[in-house]
Amino acid sequence: MFNNLLFTAAAENVKEMSIGDAAITAVFGYSVVFAGLVILMILLYCTGAYFKSKDAKEKAAADAAKAAAQKAAPAEKSPEAKTELPLAPGSAGHVKLFDVPDKEAAMIMAIVADKMQKPLNELHFISIKEVK
Amino acid sequence: MDILETLKTLWNDSGFQSFFVDGGWKNLIMIFISCVLLYLGIKKKFEPLLLVGIAFGCLLVNLSYFGAGSTDALYHMDLWDEFLDPSSEYYHSYGAIMAHGGLLDILYIGVKAGVYPSLIFMGVGAMTDFGPLISNPKSLLLGAAAQMGVFLAFFGAVCLGFSGNQAASIGIIGGADGPTAIFLTTRLAPELLGPIAIAAYSYMALIPMIQPPLMKLLTTKKEREVKMEQTRVVSKTEKIIFPIIVAMFVILLLPSTAPLVGCLMLGNLWRECGVTERLSDTVQNALMNIVTVFLGISVGATTAAERFLSLETIKIIVLGLTAFCFSTIGGLLVGKIMYKLSGGKINPLIGSAGVSAVPMAARVSQMEGQKANPSNFLLMHAMGPNVAGVIGSAIAAGFLLAVFK
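Here the protein sequences come in this chain order: A and B.
Per our numbering, residue 1 is the first one in the first sequence, and the count goes up by one each step.
Per our numbering, residue 1001 is the first one in the second sequence, and the count goes up by one each step.
Chain A with its partners taken away, still in its complex shape (with noise of 0.2 Å):
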């Protein structure tokens, strides 16, 4: 009887319903739930395809701009060419990188440089790939 009481009176604007209207707010709520997080989802659709697009023009503005420099001083060797010349002495030789940044590769290469108990200068590898 107490908590019966404690119940009823402590609520101030307990609204008592039916079966009915039960089960139609509880459809109506997952319906809003479900209508309010579509429309985000858009919303984040058209955000994300803006900066998508933003990126991409980004990049191919970068890349011309890069490929009219070159064109601009031929007699500059490309990236490529300097990386054909013959490596120091001591080099670990030219690493292809797939997936991985530098700064990760290095890491890499010097862990396992740790773990085999050798001098990093006289390992040679050859590519760093990422398992996905």
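There may be inaccurate statements among the hints.
Below, computed lysine-lysine pairings styled on DSS-like, alpha-carbon distance capped at 30 Å [unchecked claim]:
no., chain 1, residue 1, chain 2, residue 2
1, B, K1138, A, K52
2, A, K59, B, K1340
3, B, K1239, A, K59
4, A, K103, B, K1239
5, B, K1315, B, K1405
6, A, K52, B, K1340
7, A, K52, B, K1315
8, A, K129, B, K1216
9, B, K1138, A, K66
10, B, K1336, A, K52
11, A, K129, B, K1236
12, A, K54, B, K1236
13, A, K54, B, K1239
14, A, K129, B, K1371
15, A, K54, B, K1371
16, A, K96, B, K1236
17, A, K129, B, K1221
18, A, K103, B, K1227
19, B, K1043, B, K1315
20, B, K1043, A, K57
21, A, K57, B, K1239
22, A, K57, B, K1236
23, A, K52, B, K1221
24, B, K1345, A, K59
25, A, K129, B, K1315
26, A, K52, B, K1345
27, A, K54, B, K1138
28, B, K1236, A, K103
29, B, K1044, A, K129
30, A, K59, B, K1221
31, B, K1227, A, K96
32, B, K1222, B, K1336
33, A, K57, B, K1340
34, B, K1045, A, K129
35, B, K1043, A, K52
Derived by calculation from the structure, the hints in this document are not laboratory data.
Based on these hints, arrange chain B on the given structure of chain A.
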């Protein structure tokens, strides 16, 4: 000095004596329950940051509260009943609470005013990386689907005889989001705060036990083995714009979500904007810890025996578990639909992470995915639905608040 009389007075004033009169045995049971909760928090590490505080608050209130006339109590339910009674002279009077309340009454003002849950959300926002959600907005569908338990438990609670307000507060346990549950319950059914908070946090801690059987039941091995492709890298500008867009849209849609969503997104903006590291750090650590202290102990204070020990509490515990299970099922079912529609590119296990419990639910998806296929890394994919669930449960709470307030 009459020693015998003095001893008698001391005995009559002591709490020990109170155990033997007028339902005092209920306090003994609650003291035992608080010790069990302390054990679960400390030994079993069930959401210890909050559960230890809640359990100790429960212990304190049941050691000091013996009926409405208890002047030494740390928490006075009678004061709060008057606070909520429109016919009382102390109706909505925080001054009366400050003047006549105990320590826990004063701390509880932060719960009642919705301050602590909102500040916790600010910390959650500052700790959350929404990148996985921004890079894969479809995750929002899983976050929405995983609110199914909220509305099913709400319906179930009405069927079991709870009022609309109480049913809404019970249903939100299925959102698996403690601060949201506390926020909604203090507004709609404050008399149920103790059992609802304990159920919400206990079930959140039990997610690694509740979800895996349902995940295995509802998905095939082939589905669980699916390896998902890496999502695109999200730019810093997108991460800065995201909290602003979400705050604007969700608050305009459901203004009652403003305290929760506003704080969540403000915390996230501080994290991402790059010029407020000090604030972001404070909100994530110092403020979050301080608020957790106050929230835990004051929620525990609402578990005084004469209110907590009732058939309603058992019903809430059962409905809460039902809500959690159906939220998981909702996420998994939509995950399966997305698996079919994407031609097998989406692993349905990430659907169960749509219940908010960040990051526990995402970790469970990762573990189950890896059990099926050791080279499977679902964590970042599951973080998308997981943070979408936080927004989804806030919207669900906002809807229920709009309907029942």
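Against the structure, the hints come out as follows:
1. K1138/B / K52/A: Distance of about 17 Å is within 30 Å: holds.
2. K59/A / K1340/B: The given pair, whose Cα atoms are some 35 Å apart, is violated under the 30 Å limit.
3. K1239/B / K59/A: Cα-Cα ~20 Å, so holds.
4. K103/A / K1239/B: 24 Å, holds
5. K1315/B / K1405/B: 23 Å, holds
6. K52/A / K1340/B: Holds - the C-alpha atoms of K1340/B and K52/A are around 27 Å apart, at most 30 Å.
7. K52/A / K1315/B: 50 Å, violated
8. K129/A / K1216/B: 34 Å, violated
9. K1138/B / K66/A: 37 Å, violated
10. K1336/B / K52/A: 29 Å, holds
11. K129/A / K1236/B: Status holds; Cα separation ~26 Å.
12. K54/A / K1236/B: The hint holds at about 13 Å.
13. K54/A / K1239/B: 15 Å, holds
14. K129/A / K1371/B: At roughly 25 Å apart (the allowed maximum being 30 Å), K1371/B and K129/A satisfy the hint.
15. K54/A / K1371/B: 40 Å, violated
16. K96/A / K1236/B: Satisfied, since the Cα-Cα distance of roughly 29 Å is no more than 30 Å.
17. K129/A / K1221/B: Measuring from Cα to Cα gives roughly 29 Å; hence the hint holds.
18. K103/A / K1227/B: Measuring from Cα to Cα gives roughly 27 Å; hence the hint holds.
19. K1043/B / K1315/B: Holds - the C-alpha atoms of K1315/B and K1043/B are around 27 Å apart, at most 30 Å.
20. K1043/B / K57/A: 56 Å, violated
21. K57/A / K1239/B: 20 Å, holds
22. K57/A / K1236/B: Holds - the C-alpha atoms of K1236/B and K57/A are around 17 Å apart, at most 30 Å.
23. K52/A / K1221/B: Cα-Cα ~35 Å, so violated.
24. K1345/B / K59/A: 29 Å, holds
25. K129/A / K1315/B: 55 Å, violated
26. K52/A / K1345/B: 22 Å, holds
27. K54/A / K1138/B: Distance ~22 Å between K54/A and K1138/B Cα, so the pair holds.
28. K1236/B / K103/A: It holds: about 21 Å lies between the C-alpha atoms, which stays within 30 Å.
29. K1044/B / K129/A: Violated: K1044/B and K129/A sit about 41 Å apart, past 30 Å.
30. K59/A / K1221/B: 42 Å, violated
31. K1227/B / K96/A: Holds: K1227/B and K96/A sit about 26 Å apart, inside 30 Å.
32. K1222/B / K1336/B: Cα-Cα ~12 Å, so holds.
33. K57/A / K1340/B: Outside the cut-off at roughly 34 Å; violated.
34. K1045/B / K129/A: Roughly 40 Å separates the two Cα atoms, so the pair is violated.
35. K1043/B / K52/A: 49 Å, violated
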